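Guided by the hints, dock chains B and C onto chain A, whose structure is given.
If you want the building blocks of each chain, they are given just below.
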Amino acid sequence: MAVVKTFPMGGVHPPENKFTADSAIQILDPPDEVAILLGQHIGAPAEAVVQKGDTVKVGTLIGEGKAFISANVHSSVSGTVKRVDEALDAAGFRKPAVVISVEGDEWEERIDRSPELVTEINTPAEEIVQRIKAAGIVGMGGAAFPTNVKYMVPEGKQVDTLVINGVECEPYLTADHRLMLEHTDEVLIGVEVLRRALQVERAVIGIELNKSDAIEIMSKHAERFPHIEVYGLKVQYPQGAEKQLIKAILDREVPGGKLPLDVGCVVNNVGTALAAYHEIQKNRPLIDRVVTVTGSSLSKRGNFQVRIGTPFSHAIEAAGGMPGDVAKVIAGGPMMGKAVPDLNVSVTKGTSGILLLNKREAQREETVACIRCSKCVSACPIGLEPYLLEKLARMEYWEQSDEHDVLDCIECGSCSYICPSNRPLLDYIKLGKVKVHEMRRASAG
Amino acid sequence: MTELLIYSALSLGGVAAGFAVVLYIISQRFKVEEDPRIGEVTELLPGINCGACGYPGCSGLAEALVDAADEGDISHLTCPPGGADTMKQVGRYFGLEVGSKHKTLAVLRCGGSFAAAPAKNEYQGPETCAIAHSLYVGVNGCPHSCLRLADCEVACPFDAIEMNDETGLPEVIPELCTSCGACVKACPRDLFEIRPRGKGKAERRVWINCRNKQPGGIARKNCSVACIGCSKCVRVCNEIVQAISMEDNLAYIDPYKCISCGKCVPVCPTKAILATFTPPKPKEPKKETADTQA
Amino acid sequence: MSQTLIVSGSPHAKSDLTVRSIMWGVVIALLPVFAVSAYVFGVRAIIAVLVTSAACVVTEYIVQRFFLKQKPTVDDGSAVVTGMLLAFNVSVAVPLWQLVVGSIVAIAVAKMAFGGIGTNPFNPALIGRAFMTVSFPVHMNTWVVPRESLLSLGVDRATGATPLGYIADAAARGEPLSTVAAELPGYSQMFLGTIGGSMGEISALAVLIGGAYMLYRKLISWETPVVFLGTLAAGTGIFWIIDPTAYADPLFHVLAGGAMLGAWFMATDMTTSPMSRNGKIVFAAGCGLITAVIRLFGGFPEGVTYAILLMNAFVPLIDNKFRPRRFGKGVAS
Chain A
1 MAVVKTFPMG GVHPPENKFT ADSAIQILDP PDEVAILLGQ HIGAPAEAVV QKGDTVKVGT
61 LIGEGKAFIS ANVHSSVSGT VKRVDEALDA AGFRKPAVVI SVEGDEWEER IDRSPELVTE
121 INTPAEEIVQ RIKAAGIVGM GGAAFPTNVK YMVPEGKQVD TLVINGVECE PYLTADHRLM
181 LEHTDEVLIG VEVLRRALQV ERAVIGIELN KSDAIEIMSK HAERFPHIEV YGLKVQYPQG
241 AEKQLIKAIL DREVPGGKLP LDVGCVVNNV GTALAAYHEI QKNRPLIDRV VTVTGSSLSK
301 RGNFQVRIGT PFSHAIEAAG GMPGDVAKVI AGGPMMGKAV PDLNVSVTKG TSGILLLNKR
361 EAQREETVAC IRCSKCVSAC PIGLEPYLLE KLARMEYWEQ SDEHDVLDCI ECGSCSYICP
421 SNRPLLDYIK LGKVKVHEMR RASAG
Chain B
446 MTELLIYSAL SLGGVAAGFA VVLYIISQRF KVEEDPRIGE VTELLPGINC GACGYPGCSG
506 LAEALVDAAD EGDISHLTCP PGGADTMKQV GRYFGLEVGS KHKTLAVLRC GGSFAAAPAK
566 NEYQGPETCA IAHSLYVGVN GCPHSCLRLA DCEVACPFDA IEMNDETGLP EVIPELCTSC
626 GACVKACPRD LFEIRPRGKG KAERRVWINC RNKQPGGIAR KNCSVACIGC SKCVRVCNEI
686 VQAISMEDNL AYIDPYKCIS CGKCVPVCPT KAILATFTPP KPKEPKKETA DTQA
Chain C
740 MSQTLIVSGS PHAKSDLTVR SIMWGVVIAL LPVFAVSAYV FGVRAIIAVL VTSAACVVTE
800 YIVQRFFLKQ KPTVDDGSAV VTGMLLAFNV SVAVPLWQLV VGSIVAIAVA KMAFGGIGTN
860 PFNPALIGRA FMTVSFPVHM NTWVVPRESL LSLGVDRATG ATPLGYIADA AARGEPLSTV
920 AAELPGYSQM FLGTIGGSMG EISALAVLIG GAYMLYRKLI SWETPVVFLG TLAAGTGIFW
980 IIDPTAYADP LFHVLAGGAM LGAWFMATDM TTSPMSRNGK IVFAAGCGLI TAVIRLFGGF
1040 PEGVTYAILL MNAFVPLIDN KFRPRRFGKG VAS
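These protein sequences, in sequence, are chains A, B and C. Read in order, the letters of the first sequence correspond to residues 1 to 445 in the numbering used here. Read in order, the letters of the second sequence correspond to residues 446 to 739 in the numbering used here. Read in order, the letters of the third sequence correspond to residues 740 to 1072 in the numbering used here.
Hints listed in this document are in silico derivations from the structure and should not be mistaken for laboratory results. Treat the hints with caution; some may be incorrect.
[To be verified] For the chain C half of the interface with chain B, some residues (derived, Cβ under 8 Å), not all of them:
(1) Leu744
(2) Ser747
(3) Val839
(4) Val840
(5) Thr858
(6) Pro915
It should be emphasised that the depicted structure is a prediction, and the values quoted were computed from it without experimental measurement. Glycine included, each C-beta is placed from N, C-alpha and C at the ideal position.
Looking at chain A on its own, in the form it has when it is part of the complex (with noise of 0.2 Å):
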């Protein structure tokens, strides 16, 4: 830990405001009815395997992943399906969801529920890598990634590392630094467990070092496994993005339209790791997870274990109610977050943070004529040239657009946080990157 890694070039330093990192993980209740939506994760939605009026328990499957990119669900709650049709995802749009009545709090008699920490890993890979599937593990840092397709690795290529990423870089939240402090063994025993379907010699777990507490307590824990080492990485933005992640420990670079297998390594979260730990060693599928909630005018901001399917207001309820001043509640951090057009859209697996935003907060100030001070261009972690791309997106010019790399943005938004315009920048890359993607469509198809 003598060298203090990082990437070597863009990224921004927003004010951290992480005010819940002393607040110790609380267990919240489940709310009287939750909404289990059945696409949460990346990739084809799960099919729903219970029917109105059926009887689950917490544990229970209610949403298998058929397609090769997919992801089972879980009922986080025990109780009645009322219904199976929609609920309101992050954007206000209605998806394919289970709702479900909550009656007491039954779980499924496999699950493991003691306080016990158990060591010993006795499932081979292949196993473990059917039963991450099975226990319907996604990415949890946000994007959901469904876990055991990074572990099916492709004929022909190499991997060496994982790389577990407990860096947390978006301002405000705190959950994966709760989790490295209160379930430590759990956390490394769970890297261990990837490790081992992994089959590789070598796991670097990556922290921000704006969390000395964690990082003294990982690496003295760490002691008891050879294989897992921990870094301290600088406080820089976008740290935590798997790309800047996998050159700062590891020194290799991921180009764009490449994968992190392509470099040999596999990221995964350290809420991933938590998952893992618990359904390879006490056979708990994924059904709840820690949410930061938090905002500057929240009364009682904490961090929360919360079951997938609790409306949001249930969980800002719990945190002191919404603030009057509240202009924008945003699902995640700042930086890559969505803000919701609505509190009754739910937790889902990939729901790292709820964040309450007042009217000073969240209003974007006027946008100027850029002045070229070329930020943008400093600030982006890819070196893309942000300005050019906006500037291309607004005359719809999708095929320089392509040309000039915007495919390869990881939408960190730093570009949009530096420039001292205020100009809409990711907006409209997103926006180009929507429209490059259509155009390759319809060119190859």
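Positioned in the frame of chain A, the structure of chains B and C alone reads:
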């Protein structure tokens, strides 16, 4: 001094004359023989070079017309902005039949105005539908609603679309619309449809003013004038011309079957059917609750 | 729970950086230069700076309000920067009305005619200076003795030339530099600024203080001034090594004339310089090289203005050719 003037005048004049000769020779040598008819037909066209016909500008269409006339048939070519009058003149010029294509215009199929579909949230960001559409469901919660950010108005090359400040919705000005289709392409929610202008001088036409495919109850939650898929219009029309079909909770009036009788308009419980004329009063006005589901 | 929520695309956070904070930051960075010019040239320097700044702001306001019918944005401070730089680029002997004309040209022609802030291809202050050099050659080349008649509003006593002027004269006469050595100021004088010259070009120290402030505020990147001055030193240094009697040493060239002010404040102008780091380096090297060539072989004693303006013209080409290195895609071409 005078000498200087004379010499400069002479030398400059000489250079100019030299260039003139060279230019003349070049222009004669490389002269492109153009069919004189192309120029004459171009004169007949509106001259706005809109491209709606599918050719690069009016001279492009003129060239295509001349080529087609040599083949003996120009009926597949039309000038959307010029319409029938222009094509009639072109036909007379060549002494050939012109296409009997229906005169059409763009029709907006959404009634999600400020009043009918009130805003449930506030959108902040670039004022373009394309971005708002890829971001989320929209201000009124209807995934098929107009986003009211005027991409169509910007896209229209004829200023035939104007945003109405009171409703928030775009309005097509029939006199200016050439049905070039720019709005159809520009609208990310596919709310514009090119439809025939309708019967008679008064251009009688009827259409479903909605694209929402959600179940009626949900559609109504976001918008009071949504098509709720109750099929009343289908039943009324089935007795006359079977021009209305129902798919995914959404009715559609086939303009080529529709006889613009207007009988479907008053039966719609949500006023989701619009007409350019005053429709007849229904014979037996039945009282029914608005959100009857099919 | 009935608040109307705002929905917008990510990110939902914005840095404090604004165009205003950048431009007023540059104004603050120019204050040491202003102070030295006031100290060396007295009341007239203060008046000159105030006049050009005011003229630039008023011109921009009038053009935006009445010609372009835009909402005036003069409060962003960019016109003040142009005004101050224009004054710092000329001799204190220039009459006020000429300063006003120069300001109008700088803002109305070089900036607003191209579309206003962010769209001008050439540095407005330098266009103003270039315009004044050709229009008012007499006053533009009249240099005032430093630290004399500080309170006078007129120009009493003019000296022959600036340090660069002496050298150019010597070179024109084909005499060795030693013949003018007595006229040349010492390095410490050139560093501190008690010499004749344009109002803001005299003190290297003042420019460095302002430059350090801009580096601290991240308003400029270090590459531009360092490469500019480095190339200038290297270019002039080669000839100095070959024949020290005919050519001045590189340190003299770095400290003399507008090199310091140009490298720190003009070549770093955001709008008229390239976007990528490599582009900035190429741009700065070009500026240094052209400055050296003009100073050593050109008809003018000073070349910074034209060097930067020339390189301004190449910015679109540089931007096109020198792009940032894409992550994961080899080394930039």
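Do the hints match the structure? See the list:
1. Leu744: holds, 5 Å
2. Ser747: This interface hint holds because 4 Å falls under the 8 Å limit.
3. Val839: For Val839/C, the interface hint is violated, since the closest Cβ of chain B sits about 38 Å away, which is over 8 Å.
4. Val840: violated, 33 Å
5. Thr858: violated, 20 Å
6. Pro915: Not OK, violated: Pro915/C not within 8 Å of chain B, min 44 Å.
This entry does not satisfy hints 3, 4, 5 and 6, going by the numbered hints stated previously.
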